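Novice: Chains as they are written, first to last, in my numbering: chain D, 1 to 454; chain R, 455 to 881.
Treat the hints as calculated values from the structure; they're not laboratory data. Here the structure is a predicted model, which means the values were calculated and not measured. Mixed in with the good hints, there may be bad ones.
In silico lysine to any residue, SDA-like type, Cα no more than 25 Å apart, as pairs [stated by the list, open to error]:
#  : chain 1 : residue 1 : chain 2 : residue 2
1  : R       : Lys547    : R       : Thr676
2  : D       : Lys417    : R       : Thr482
3  : D       : Lys403    : D       : Ala414
4  : R       : Lys567    : D       : Phe72
5  : D       : Lys403    : R       : Thr676
6  : D       : Lys403    : D       : Pro353
7  : R       : Lys489    : D       : Thr404
8  : R       : Lys567    : R       : Thr583
9  : D       : Lys70     : R       : Thr583
10 : D       : Lys417    : R       : Thr470
11 : R       : Lys567    : D       : Lys410
12 : D       : Lys410    : R       : Gln486
13 : R       : Lys653    : R       : Thr674
14 : D       : Lys403    : D       : Thr385
15 : D       : Lys417    : R       : Thr583
16 : R       : Lys489    : D       : Met299
17 : D       : Lys417    : R       : Thr676
18 : D       : Lys417    : R       : Ser784
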Amino acid sequence: MSDFHELRGDYVANAGQQINLQGYLDYFEPLGSALSRLPDGTGGPFVYQFTAGGGRTIGALGWVVSAASKRFGGWTLWGMWAEKPMPAIALPLFWPALANPDRVGEIVKRAGEDADSLFDRKQWRALSAEIPTGRLRERAFREILKAELSHAYAVPLPHRQPIEIELTPRTLDLLPWLYILGPVDPPSAQVLPSRFNGAGYQYILTDREPPPRDAEIPREVDAIVDAAAEEVARGWQLANEFRARRARPKAVPAPPPRERPAWQEEDDMSPRKSPTPSAPEPTWKPLAALAPLVLQLVMIVLLAWIGLNVRAIRKAVETPATATSTIDTADTDDTAPVPAPASQPVEAEKETPEGRLHRIAQALAAKPPQGIRVGAAALDESTETLARAAVEVSLRRNGCFAKTEAIDGKLSAAEQKALRTCAELREERLVSGSGQIDAARAIAWLERTVSPAR
Amino acid sequence: MAKLDKNAVCPVCGSTHFFNVPLGSAETWNQQVDKHPQWKRSRGLPENAAVAFSEPRLEWDQPIFDPMPTPTPHLRCSNCTSLIPPQFVVDPKSRVMLVTTGMPQAGKTTWLKCLFNPAQKRYLIAEPTNQIRREPYEFVEPYTIANPDPRTAVPFLLHGMKLTFQRSRIEVAGIDIKGEVFQPGVSPNKYLRVLDILKHLRSMKFAELFVTFVVPFDPTCTRQNIGQLTSHLTNAPGSRGTWQGVIWTHLDRAQLHDQEALFAFLQSSESALALARRVVAGADEVFDSRFPDAAEAIDRLVQRKQNWTNDLALLDSLTWLLYRIMLAYSALPPRFNMGNVEFYFSFMDGLGSLLVRHCMRMAASLFSAWDRAGCGDFGPMIRESMMPGTDLRFPVLPCGLEFLRDGDDGMPVWGDLLLLEILRQHV
C-alpha cells in the first residue's frame, strides 16, 4: 500500500463543500476560504500538515483554487496526502505538474514509487537533480527571488507566525524556491494561502504587481540563489547553513577585558621582564608576597578618587535638572504636580534631542513594560511616533486596551476609540481634552516608564 | 453599553457568567483562539483546525479574548468564551429571538444580509424608509456583519440587531444555524452542539421567538429539505410566543410553462382568470378591485386539487404568477407618490398590507402543494397554520433573489417581510 493517496475536494451544488479525506473537512476549509474574493480557478499550492484527534498526523500537498462560479467561498483542491508530514523536497519536485488537476494521478503514482527516497533525507541530493531550474536561470526571476528572500530573512526569529508574501498568479513560481531556500526550515514549514498559526509562508494572491522591494540583498542570499541556479542541492545546503547560523544564539558581546591588577600590568610592561618564560621563580617570590598590601593601597586611593569625582558630577547635574522642572511648571496653569523629568545619567548632559529619542526608543524596544509587546520595526524614533507609542503604552498599562496588541507608534481606530474613553490617560495628562497628544509630556512619561531605574 | 440582565444566559453553553473584552485585531483573535480551546469545542470543531476566513490578511478589528476590568461594549461567556451580542443579555421584555436554519444554498445568508443592512433598493415592502431604524451589532464572531459568511466550518453564528420603529425598541437576538451542519456524515459533533443551543434556548426568556426555515424553491424536486430540526423546535419552547414559518427563497426561478394550461386551471374563477391574463400579457395594471377575490380563488383551487405530482409544470406556472404579482406590487407606492411603509400601513387603511396578506396566503397554498408533490417537508406545519382561527398570518414568506446574481448590489425581492412580522407581533 502506497504512503501517498489522492486528495480531491470540491463544492457540490446544494450539498456544500466536500473532500474525499473523510472527517477532515474542517481542517481544509480555511485553505479555500481565503480565496473567496478571487476569480474562479485562481489559487495556488499548499503544503499543509496537521495533527488531528487521536494524534494522527496528516500531511498534504496540492493546489487549491476558488470555485466562485459554483458558490461564493466555494473551492476546489487536488493533490495528495499521507499519514506523515510531506517530505520537503516534494513541492519543488512535483511543482511543474501540481497546478494541473489531470496530473494528480501521475504525481501520486510517482510519489508512491519513490516513497523511500522521498522520506529519506539522505537521498534528497540525488532527487534534487530532477528539480527543474529553468526559471531560476532567468536573471530577472532570480532578482525577484533574491528580493523576496531578503524580505523573508529580514523577519526576526523565532518564526512563530507565517511570513507573508504577496504574489501574482504569474510569480507563483517563486514559492517552491522560497520554501526550500527561505528562513524557515522546509520540513517544518507550511505554505498556505490562508492565515495560520505556525512557521511557514502565507502567500496572498493579488492581481497587481507588487512594487519592487528595495531591500538590501544580503550576500548570503545572493550566494544561495546563485548556487541553487547552478545546482539545487548546493543552494539548499547553503540555505541550511545560513539558517543554522541565524538560529545559533547570538554571541554575547565579550565583556571588556578584566583589568588586571596594576602590579601585574607593571610586571608585564616592565622592561626588566625576562624575555624567557622560564625566568627563575625565586627572584619574584618576595614581590609576590607584598602584592596584597600594594593592592589594598591602590584600592583605597582609587575609591577616594571616585568619591571626589562623583561629588563634582552631582553638583554639575543638579542645576540644569531644576531649571527644566521650572519650565514645565510655568508652561501649565494647572496646579497638579508636573511629572519631573527622569534623572539623567551623566552623559545626558551632552545628549542631543535626537539622541534622547533614540535612547527612549531603544529602551522601549529592549525592555518594554511588563506584558506589553513592542513592534520595534515600526518605531521610527520621531517625536510624533514616540508620543503615540507613549499613549499606546499608557492605554495598555491602564487596562484601556488589550496588552496583547503590539505597540507600533500608530493609533488604530480601536485605540483612538479607547483614547477618548480612557480616564486614566487624561489623568496622566498625556492627552488634552480635545484628544490632542501632548508630545513633550508623553515622551517624558515614556522615558520615566522605560528607564532602567523602574 | 448593554445593561446585563440578571437572568442572562449564554445561548451556546448555558453559563450565566460573562466578562468584558476589548477590541483588538482579527490577527490577535486568530492567535488567541488557539489558547481558548473551549471556543472551538463548543462549536464541535477540532481544536487543531484553523478558523476559515475569507480575508487572508485579517486586518479588521474584532473583540479579542483579554478580560477587561472596566466595562466595554463586548461580552464573552466565561465558560465557552463565545462572544455574546448584547441583544442576548438585555431585558427579555424587549427581546425577540430569531432562529434561522436551512440547507446549504437556500439563500439564508443573503436573506439575513437584507435584514441586517438598511436597504436602499426597490422590490422591498418596508424599505427604503427612515421610520424603521436598524442598528446591527457589528460582530458575528468570528466575522463581521459586513462579511458574515465565507463558506465556513463554524456551525452557528450569533448576531444581534436593535430595531427601532416609532417609539418602540426591539432587540433582535439571532442564531444562524448553518446548513452544512445537517449534511450526513460531516460532523456529528456540530449537530450535537446545535441541539445544545436549542436546549439552552428553552431556558431563556424572550418576548417572541421566531423560528424560520429558509427553503429554496426547487421545481426539480431534487434538493434535500430541512426537516430534521422540526421536532426540536415545534414542541419547545412551543409557547404562544413562538412563530414558525418558512422563508421561501429563489421564487424568481419559477417559469411559465404553458399559459393555456394555466388559464384552463383558473377558468372556474372569472377574476382569477382575468388576473392571470393580465400578468401573462405583461399589463401595467395587475391589481384591481377584484384582486382579493382572484387571490382567494387561486388559493382555493390550489388547495382543492389532488395529485400535484403529475402537474408540476402547472404548479411551476402558478408560482411564476405569484412572483410576477410580487414584482407588480413594488410599482404601486411610487405610482401613488408615497413611500413603501406608508403604502403598506396607512394608505387606504393599509391597502399594501391587504395585498401582501393575499399574496402570503397564495404562497402558503402553493408551498403546501409543492410539499404534497414531494418537494418539501413542511407541509403539515404550513397547513396547520392555515387552519381557520389561526393567528399566524405569514406561515410562508416568499422571496426572490434574482437581483443578487451580479453581486451584492441588490436586495431580495420582499426580503424584508419578516421585519413586518416582527413589528406586528411586538409593537
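Novice: Please go over all the hints and tell whether each is borne out by the structure.
Specialist: Now for the hints, and whether the structure bears them out:
Annotation: proposed proximity of Lys547 (chain R) to Thr676 (chain R) is violated, straight-line Cα distance about 42 Å (limit 25 Å). Distance hint between Lys417 (chain D) and Thr482 (chain R) is fulfilled; the C-alpha atoms sit about 18 Å from each other, no more than 25 Å. Simply put, Lys403 (chain D) and Ala414 (chain D) have alpha-carbon atoms about 13 Å apart, close enough for the 25 Å limit, and the pair holds. Under the criterion of a C-alpha separation no larger than 25 Å, the hint pairing Lys567 (chain R) with Phe72 (chain D) is consistent with the structure, at around 14 Å.
The hinted pair formed by Lys403 (chain D) and Thr676 (chain R) fails the criterion: a straight-line CA distance of about 53 Å is larger than 25 Å. As the CA atoms of Lys403 (chain D) and Pro353 (chain D) are separated by approximately 29 Å, the hinted pair breaks the 25 Å bound. Between the alpha carbons of Lys489 (chain R) and Thr404 (chain D) the distance comes to roughly 13 Å, so the proposed pair stays at or under 25 Å and holds. Among the hinted pairs, Lys567 (chain R) with Thr583 (chain R) is consistent with the structure: their alpha-carbon atoms are about 17 Å apart, no more than 25 Å.
At roughly 34 Å between alpha-carbon atoms, Lys70 (chain D) and Thr583 (chain R) are farther apart than 25 Å, so this suggested pair is violated. At most 25 Å may separate the alpha-carbon atoms for a hinted pair to count; Lys417 (chain D) and Thr470 (chain R) exceed this at roughly 29 Å. For the hint pairing Lys567 (chain R) with Lys410 (chain D), the CA-to-CA distance comes to about 33 Å; that exceeds 25 Å, so the pair is violated. This hinted pair checks out: Lys410 (chain D) and Gln486 (chain R) have alpha carbons roughly 22 Å apart, not beyond 25 Å.
At roughly 35 Å between alpha-carbon atoms, Lys653 (chain R) and Thr674 (chain R) are farther apart than 25 Å, so this suggested pair is violated. A C-alpha spacing of about 19 Å is found between Lys403 (chain D) and Thr385 (chain D), which places the hinted pair at or below 25 Å, so the restraint holds. Distance restraint check for Lys417 (chain D) and Thr583 (chain R): the Cα-Cα separation of roughly 30 Å exceeds the 25 Å cut-off, and the hinted pair is therefore not satisfied. About 57 Å separates the Cα atoms of Lys489 (chain R) and Met299 (chain D), which puts this hinted pair outside 25 Å; it is violated.
For the hint linking Lys417 (chain D) to Thr676 (chain R), the alpha-carbon distance of about 51 Å lies beyond 25 Å, and the restraint is violated. Under the criterion of a C-alpha separation no larger than 25 Å, the hint pairing Lys417 (chain D) with Ser784 (chain R) is inconsistent with the structure, at around 42 Å.
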